[in-house]
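Dock chain B against chain A, hints included.
Same order as they appear, the protein sequences are chains A and B. Anchor point for the first sequence: position 30 equals 11 in the working numbering, and the numbering is continuous, going up by one each time. Anchor point for the second sequence: position 176 equals 157 in the working numbering, and the numbering is continuous, going up by one each time.
Fair warning: there could be bad hints in the mix.
Note: identical chains are not told apart, hence a pair may lie in one copy or across any two.
Listed below are the simulated DSS-like cross-link pairs for lysine-lysine, each with C-alpha atoms no more than 25 Å apart in a straight line [what the hints assert, rightly or not]:
#1 K161 x K116
#2 K126 x K50
#3 K134 x K(-14)
#4 K11 x K(-14)
#5 K116 x K126
#6 K88 x K(-14)
#7 K126 x K91
#8 K67 x K161
#9 K98 x K(-14)
#10 K50 x K112
#11 K126 x K98
#12 K161 x K134
#13 K116 x K(-14)
#14 K(-14) x K112
These aren't lab readings, by the way, just hints derived from the structure by calculation.
2 protein chains.
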Amino acid sequence: MTYRKRDYPLGDIRRHLETGPIVLVSAAYKGETAIMTMGWHMVMEFEPALIGCYMWTENHSRTLAQTSKECVINIPTVDLIDTVVKIGNSSSAEIDKFAAFGLTPVKAAKVGAPLIKECYANFECRLYDAKLARKYSLFVWEVVKAHVAISPKNPRTIHYRGHGEFTVAGQTISRRRLFKPEML
Amino acid sequence: MTYRKRDYPLGDIRRHLETGPIVLVSAAYKGETAIMTMGWHMVMEFEPALIGCYMWTENHSRTLAQTSKECVINIPTVDLIDTVVKIGNSSSAEIDKFAAFGLTPVKAAKVGAPLIKECYANFECRLYDAKLARKYSLFVWEVVKAHVAISPKNPRTIHYRGHGEFTVAGQTISRRRLFKPEML
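The shape of chain A in the complex, shown without the other chains (with noise of 0.2 Å):
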């Protein structure tokens, strides 16, 4: 599936993220590019726009993020959901992920990593505060520019459950009326 995007609010973000979809972290450094799946994640504020991840020593994807300083977050849906399983069951220090899985390299605008065209929205990040990654291999990321697709308003994510399992993002329901204006 291919999604045209559009440049997108940064503190908007956590429209995508806070729902907790399983995403793609693309990373690059002197020319070598890698592609983690990663599931533990969190927004930490809307201003800086900032995203905690939790990046594993064994991912290659970590060691070029964290050497470069600078990643893509990419949400992929329900159509990916194979190559996201490929992705986290196969390492980037033996083969190169997107010739591996057919996925299309996409120049950011502000980041040396690549976005990952097929996904529907595309977070390029600095990093932010790296100081707890020793202990917690927690990283947060600020998101400096969002491309997100301009249809679906309402797509359908993907949410592991452990066990081989996810969950598809389904309806939507608004419960807008019942918020106070300040909490919306």
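This is chain B only, laid out in the frame that chain A set:
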């Protein structure tokens, strides 16, 4: 809705949190209780079972949880959606949310904070690390006891998208056959 629950292995709670549901955090201190709605959280470790949680200084629940060093992370399903929003749009400093919203507090096994009976799952937590509280409002909690409903196996959890909208967990898809055994 009332769920029948059983003890659940701590190393497996990612099954219910990695998907990114909105959760309710309950806390208690010196006879006072509080409940907050929380969307910014992540799994951080299997063993010990660590959960990173963004708890804002304005949340009264944060004050009680930080002081007592205990809380319960409760996972609601879509039948509680209005209650979840109302909890997020009111303050425990002003009202007793259990009474105001018809929720039933249940005594926990290992912590002083009450479980919310109407939720699908309840994770009793002890404070593991508060060093990141000042800089990031981030608290690392260790789950010390887990209670999860016996059925359904695939709960209709709700996932906050901002703007007053939620996505409901839909279809479950297994891709177990594509995983290496050691990745399951």
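Here is how each hint holds up against the structure:
no.	hint	in the structure
1	K161 x K116	neither (39 Å within a copy, 27 Å between copies)
2	K126 x K50	within (15 Å within a copy, 38 Å between copies)
3	K134 x K(-14)	within (12 Å within a copy, 36 Å between copies)
4	K11 x K(-14)	neither (28 Å within a copy, 52 Å between copies)
5	K116 x K126	between (28 Å within a copy, 24 Å between copies)
6	K88 x K(-14)	within (14 Å within a copy, 50 Å between copies)
7	K126 x K91	within (7 Å within a copy, 45 Å between copies)
8	K67 x K161	between (43 Å within a copy, 9 Å between copies)
9	K98 x K(-14)	within (10 Å within a copy, 43 Å between copies)
10	K50 x K112	both (13 Å within a copy, 24 Å between copies)
11	K126 x K98	within (15 Å within a copy, 42 Å between copies)
12	K161 x K134	within (24 Å within a copy, 34 Å between copies)
13	K116 x K(-14)	neither (37 Å within a copy, 34 Å between copies)
14	K(-14) x K112	neither (34 Å within a copy, 39 Å between copies)
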